[in-house]
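**Q** Top line first, the protein sequences correspond to chains A, B and C.
Heads up, the first sequence stops at 529 in our numbering, and the numbers go up one at a time, no gaps.
Heads up, the second sequence stops at 1330 in our numbering, and the numbers go up one at a time, no gaps.
Heads up, the third sequence stops at 2205 in our numbering, and the numbers go up one at a time, no gaps.
Any given hint could turn out to be false.
The calculated SDA-like cross-link candidates involving lysine to any residue, where the alpha carbons are at most 25 Å apart (straight line), are [what the hints assert, rightly or not]:
id: 1; chain 1: A; residue 1: Lys36; chain 2: B; residue 2: Glu1090
id: 2; chain 1: A; residue 1: Lys173; chain 2: C; residue 2: Lys2107
id: 3; chain 1: B; residue 1: Lys1153; chain 2: A; residue 2: Phe118
id: 4; chain 1: B; residue 1: Lys1153; chain 2: A; residue 2: Pro417
id: 5; chain 1: A; residue 1: Lys173; chain 2: C; residue 2: Pro2149
id: 6; chain 1: A; residue 1: Lys173; chain 2: A; residue 2: Asn281
id: 7; chain 1: C; residue 1: Lys2067; chain 2: A; residue 2: Gln273
id: 8; chain 1: A; residue 1: Lys347; chain 2: A; residue 2: Asn281
id: 9; chain 1: B; residue 1: Lys1040; chain 2: A; residue 2: Gly16
id: 10; chain 1: A; residue 1: Lys173; chain 2: C; residue 2: Phe2122
id: 11; chain 1: A; residue 1: Lys173; chain 2: C; residue 2: Ala2069
id: 12; chain 1: A; residue 1: Lys36; chain 2: B; residue 2: Lys1153
id: 13; chain 1: A; residue 1: Lys36; chain 2: B; residue 2: Arg1186
id: 14; chain 1: A; residue 1: Lys173; chain 2: C; residue 2: Glu2204
id: 15; chain 1: B; residue 1: Lys1252; chain 2: A; residue 2: Asp225
id: 16; chain 1: B; residue 1: Lys1252; chain 2: A; residue 2: Arg477
id: 17; chain 1: B; residue 1: Lys1117; chain 2: A; residue 2: Phe226
id: 18; chain 1: C; residue 1: Lys2067; chain 2: A; residue 2: Pro154
id: 19; chain 1: B; residue 1: Lys1020; chain 2: A; residue 2: Phe118
id: 20; chain 1: A; residue 1: Lys173; chain 2: C; residue 2: Val2096
id: 21; chain 1: C; residue 1: Lys2101; chain 2: A; residue 2: Phe118
id: 22; chain 1: B; residue 1: Lys1117; chain 2: A; residue 2: Asp225
Only part of the chain A face toward chain C is listed, based on derived beta-carbon distances under 10 Å [to be verified]:
id: 23; residue: Ser37
id: 24; residue: Thr39
id: 25; residue: Ile175
It is worth saying that the hints were derived from the structure and are not from the lab.
Even glycine gets a Cβ: it sits at the ideal position worked out from N, Cα and C.
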Amino acid sequence: MPGLVAAVLVALTVIGALCGLAIHAGNIPLLEQLGKSYTWSIIRFTFAQAALSTLFSVVLAVPLARALYRRQHFFGRELLIRFTSISLIVPTMVAVLGIIAVHGRNGWINDLLTLIGFSRQDYLYGLNGILIAHVFFNLPLVTRLFLNGLSDIPAYQWKLATLLGFNSRQNFKLIEWPAIRGLVPGATGIVFLLCFTSFAIVLSLGGGPGSTTLEVAIYQAIRFDFDLSKAVALSLIQIGLCLVLAFLFFSKQPVLKLQSDQPPGVDRPDSGQVMGIVQDNLVISLAAIFLVSPFAAVLINSLSGNGWVILADQRFWRAFRSSIFISLSAGMLATILGLSIAHLIAKLRHNQASSWLGTIPELVGMLTLLIPPITLGTGLFLLFRSFTDALSLGQWLVILINALFTLAFTLRILVAPVQQQHNRFLHLSRSLGVTGWNQWQLVLWPTLKKPICYAMAVSTTLSAGDMGVIALFGTDRLSTLPLLIYRLLGNYRLDQAAVVAICLCTLCLFLFWSIEKLAHTPAGFKSHA
Amino acid sequence: MRFCLIALLLISNLALAQDKPVLTVYTYDSFASEWGPGPKVEAAFEEECECDLNFVAVDSSTGILSRVQLEGEGSSADVVLGLDNSLVVEAQNTGLIAEHEVDMTKLDLPLPWNNQKFLPFDFGFFAFIYDTSRMTSPPNSFEKLLDAGDNLKIVIQDPRSSTTGLGFLLWVKSLYGEDAPQAWNRLAPKVLTVTKGWSEAYGMFLEGEADMVLSYTTSPAYHMIVEQESRYKAIGFPEGHGIQIEVAAVLKNAPHPELAQRFMRFIASEPFQTLIPTGNWMYPVIFPKQGLPAEFRDLVRPIKTLMIDPQGIADNKADWIDEFNQALSQ
Amino acid sequence: MLELNNVAYRYPEASVQIDFQVETGRAAALMGPSGCGKTTVLNLIAGLLHPAHGEIKFNHQSLLTLKPAERPVTFLFQAHNLFPHLTVWQNLALGVDPGLKVSPREKQNIARALEWISMPEFSERFPSDLSGGQQQRVALARCLLRNRPLLLLDEPFSALDQSLRSEMIALIGELQQQQSLTLVVATHQLQDAEALDARIVTMEA
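Input sequences plus hints: build the corresponding full structure.
**A** Have a look at this one:
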C-alpha cells in the first residue's frame, strides 16, 4: 500500500510541522494578534491586492482570449499561446527582475518617458509592482483557460451566427461570453488563491511596512523578530482564510490544461471586419509587449552589462549545483508521492461504494497549498534540528517542502490517467498474475510514462524556480539560483542578477525538456530487464 | 543510465570529510563578500590557527540572530559576528551566548562599553550621504530635513531587517522621544522607499534614484579611497548622530569553544583591526599605530554621539517599530 | 425562381457540380448517397460556402454578392439549430433581431409562433429541457418568424421517429402555404421528398 503510506506521510508532515511550531511557540496569541490594528491592515492589504490582481487578470483576459481566438493566423501566435500554458512555471524571480528592468525607475518605460519629455515616475514598488507582477503571471493563465473555453464552442453556433447575421458585439454577448462565463468563478478562485498566498513577488516588490501580505508578515515574524508565537498566530489566520476561500472555490475548480494544444480554426462572420482586426491586433500587441518585454529586458541586460563576472564567483556555482540537486530531488519525490496517491485514489474509486473515500487523499494533496511554506519549513526545522546540522537539514527541508507544494500539480496531472489505466488493466494484470516490479515495468510504465514524465518535468521546473522556504534557510552556503537573484537584487547588482536569471531560465528549459523527453525513449527501460 | 546519472548527482552532493577543525562564523552578507573584509580576515586567521575559517553569510544582521535562534542549541555556529548595540540584549536573552575572554579595557570606543558577552569590533555614526554634484545645499540639520520639501527623496532601511534601519529608528527616538510619531509623519512623504538592507538602499542612491541615503559618516571614505571620487559627502547634524557599535560573540554550544575564543582574541588584535577601516568602512576599536588613512581625517565627526541604553531598546523595540510602521504605511 | 446555373465547388479531394432550378413556391429534394455534396449545395445557397464558378439567382437576382444573413434564406439543420444557453423565447427572438430588441408587435408574433408549434408554455425553458422533436419545432418556429422566401432543410427529420416526422412535415407544409415558400431539402429518404411534394434532383458521388 505505498499510496496509503504516501498520503499518511504527507498528512503527518503537515500536522507535525504545525505541532512542532506550536510547542516551541508556547502560547499562541491569536486574539492578541487579531486585536492589533497592524494585523488588520495586513489582512486588508492581502485581500485588496489579491482582489485587484484577480480583477485585472480576469477582466483583461477576456479581450485577449477573444482576440487570440478570433485571429487564427499571425506571426508568433503559437509562441504566445505556448507561453500562456507555461507562465505558471516561469521562475518568479526572473519575472520580478524583468519587471524591475522594464518598470523600475531606471527601466524601459521611464527611459521612454524621459525621451518624450516627461520626468521619471516611481510606480513600481508597493501595490503597483505587486499588481503588475501578479497580472504578468495570471493573465496568461486565465487567458489560457478562457481560450480553451472559446475553442470548445461548437462550429454550428458560428454557422447559426452567420445565418442570423450577428454583429461583433452580438457574437460576444450571445456566443463567446456564454462560453467564458462558466469558467469565470473557477479562474477567479484559482487566481485569487495564488495571489492571496503570493510570497516572493510581495517580498521583492512590496514588503515594506505599507505593502505586506500575511505570507510575508509570517516570514518577517520568523526572520526579523524570531517571534514564533506571532508567526503561528498569523499562520492560523492565513490557514483559516485560505480554508474559507478554498471551500468557496473548490467546487468550481477549472480543468487546467497546461499542454499547448491548438484550437481548431473557425469561420465566424466578424473575422474580416476592419474594426475587429484593429482592435484585436492592438490587444494582442499590448499583451505581447507586456508579457515579453521583461524577458527581453533581462536578456539585454545580461548581454550588455558586465554581470558575467558572477560566473567566476563560487557563490554562483554553489547555487547552480544546489538548484539542480534540490529541483531534481523534489521533482522525483513529488512524482513518486503523486503516483502513489493517484493509485490509492484510483483503487478507492474503483470500489463504487467507497468512491467518496477517494476524495480524501486528493484533499491531502491539496492541503499543502493552504499552509504557508515558511510555517511548514520552520515547524519541521524545529522538530528535526537536533538530529543533524543546520545546513544539510535546511537542504532536505527545502526538497521536502518543494515536493509537497508541487504535489498538488503532479496529482492534477496523474490522477486521471492513473484512474483510466487502473480501470483498463487492473483485472487483466491480476488475472495474469503480473505484480510488483513486473507490473510496473510491463503495464504501468509503458502506459503511464507520458503523464509521469510530464508530472516530473513540471514539478522539477517549479522547484528549480521556487523562492519560498529557501528564503528562510538560505545562506551563502545553501543557496539556489532564485535566492541568488534575490540577494543580488538586495545588493543592487542588477546586471549580475540578469545573468543569473538567464542561467536559471536555461536550466529550467533544459530540465523541462530533458525530463519530458524521457517518455520518448522506451528502449532504456527494456534494456534493464 | 539515467538512474546512474541521478545517483551520481546525489552522491556528488555529500560533503567530503575534513581533517582540519572548522570554525564556523555566522556573519552578514557584505562582511563575507569578496569586496568586504571577510576573505582577508579568513586568510589572516587561518595562517595562525591551523584551522579552516568558514564564514556563513546570512542576508542581514537581524538574520544572524534569528538564524541562531532557529537552530537553537544544535547550531553549527561557533561565533556570530555582526550584531550591534541595538540587538545585544535581545541576543543575550536567547540564552545562547557565552562569555568571551578578551580584555576590553584596551578598546578605543567613544562611549563606555560594559557588556561582558559581546565584543565590539568596529563602530560608526549614522548619517545621510548626498551627491555634491547634484545637490548644493542639503538640509544641514535634522529639523531642516523634516521640514524639507516633499520633492526631496531619501532612501532608508527597514528597522525590522536592517541594523542601519534600526539604528536610524533609535537615532530619531533619542532625538524626539515621545514625539517620534510626528517626526515619522513629517519624514514619510520624503521616503522614496524602505529597503530591506543597506546595500540595496545605497545602490539605489548611487544609481541616482534618490537624493540622499541613510548610511554612515565613513561611507565617503570608500569613494575617496577606492574610486578617487570626492563628490559624495556625509551631512553633519548639530543635533547629534546615532552610533552603531558592531559586536561579535561566542555561542554557548560552540562546537569548537577554544578556537572560538582564539578568534575573539584575533578580532581584538591589530591584524583584524587594520582590515576594518578600508574593508568594512567603519572605525576600528583599536586605533592603528600608523593612524587611520588620511581620507578619514576629512570625514564628518559628530559633535554629539547618541546611544539608547540597550535594555531600553530591548524593552521598547516592538512598540517603536509599530510607530514607524504605522506612519510609513499610510 | 431559384436557379443554380452550372455551380461548382472544389474540395481538395473532390468537387461538387450542380445545375438545377425550382419554381417559386415549389420544393426540390436533393437526393443521393452520403458524401455526394447535398449539404455543400445548401451551404452554397445559404452563403456559408462560395462557389468556384457558376451563378446562384433567386427571382432573377444574384445571391452571390450578398452576405449569408442578407440572403432571402432560412436554414433548418438536422440538429443544433438552437443555442443551448439561451431560452426558447430568446432563440426565437434571434429570428426577429439578433440584438434581442423586440417591439410589442413582434412579441405577439413570437407568442403566436409558439402557439403554432403548440409549445406556448415552453418559452422560458432551455433547449436541453426539450425533446429532439420539440427542439426542431422551435427551430421551425424561428423560420416562421424570420419570414424568408427560401427555406433550406438539411436532413430535417432523420433524427425523429415516424409520428414526429409527419407532424413536422405537416407544419412545414403549412408554413410553405402561408408564406409561399420555396423549399430545398437534402434527404436520403424518398418518402420525405414525396411528402413535401418535391421535385427530385439526383446527385452522384
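**Q** Does each hint fit the structure? Answer for all of them.
**A** Comparing the hints with the structure gives:
{"no.": "1", "hint": "A:Lys36 / B:Glu1090", "verdict": "23 Å, holds"}
{"no.": "2", "hint": "A:Lys173 / C:Lys2107", "verdict": "21 Å, holds"}
{"no.": "3", "hint": "B:Lys1153 / A:Phe118", "verdict": "18 Å, holds"}
{"no.": "4", "hint": "B:Lys1153 / A:Pro417", "verdict": "58 Å, violated"}
{"no.": "5", "hint": "A:Lys173 / C:Pro2149", "verdict": "29 Å, violated"}
{"no.": "6", "hint": "A:Lys173 / A:Asn281", "verdict": "21 Å, holds"}
{"no.": "7", "hint": "C:Lys2067 / A:Gln273", "verdict": "13 Å, holds"}
{"no.": "8", "hint": "A:Lys347 / A:Asn281", "verdict": "50 Å, violated"}
{"no.": "9", "hint": "B:Lys1040 / A:Gly16", "verdict": "44 Å, violated"}
{"no.": "10", "hint": "A:Lys173 / C:Phe2122", "verdict": "23 Å, holds"}
{"no.": "11", "hint": "A:Lys173 / C:Ala2069", "verdict": "18 Å, holds"}
{"no.": "12", "hint": "A:Lys36 / B:Lys1153", "verdict": "31 Å, violated"}
{"no.": "13", "hint": "A:Lys36 / B:Arg1186", "verdict": "24 Å, holds"}
{"no.": "14", "hint": "A:Lys173 / C:Glu2204", "verdict": "42 Å, violated"}
{"no.": "15", "hint": "B:Lys1252 / A:Asp225", "verdict": "21 Å, holds"}
{"no.": "16", "hint": "B:Lys1252 / A:Arg477", "verdict": "23 Å, holds"}
{"no.": "17", "hint": "B:Lys1117 / A:Phe226", "verdict": "21 Å, holds"}
{"no.": "18", "hint": "C:Lys2067 / A:Pro154", "verdict": "21 Å, holds"}
{"no.": "19", "hint": "B:Lys1020 / A:Phe118", "verdict": "62 Å, violated"}
{"no.": "20", "hint": "A:Lys173 / C:Val2096", "verdict": "17 Å, holds"}
{"no.": "21", "hint": "C:Lys2101 / A:Phe118", "verdict": "48 Å, violated"}
{"no.": "22", "hint": "B:Lys1117 / A:Asp225", "verdict": "21 Å, holds"}
{"no.": "23", "hint": "Ser37", "verdict": "47 Å, violated"}
{"no.": "24", "hint": "Thr39", "verdict": "45 Å, violated"}
{"no.": "25", "hint": "Ile175", "verdict": "7 Å, holds"}
Checked against the numbered hints given earlier, the structure breaks hints 4, 5, 8, 9, 12, 14, 19, 21, 23, 24 and satisfies all the rest.
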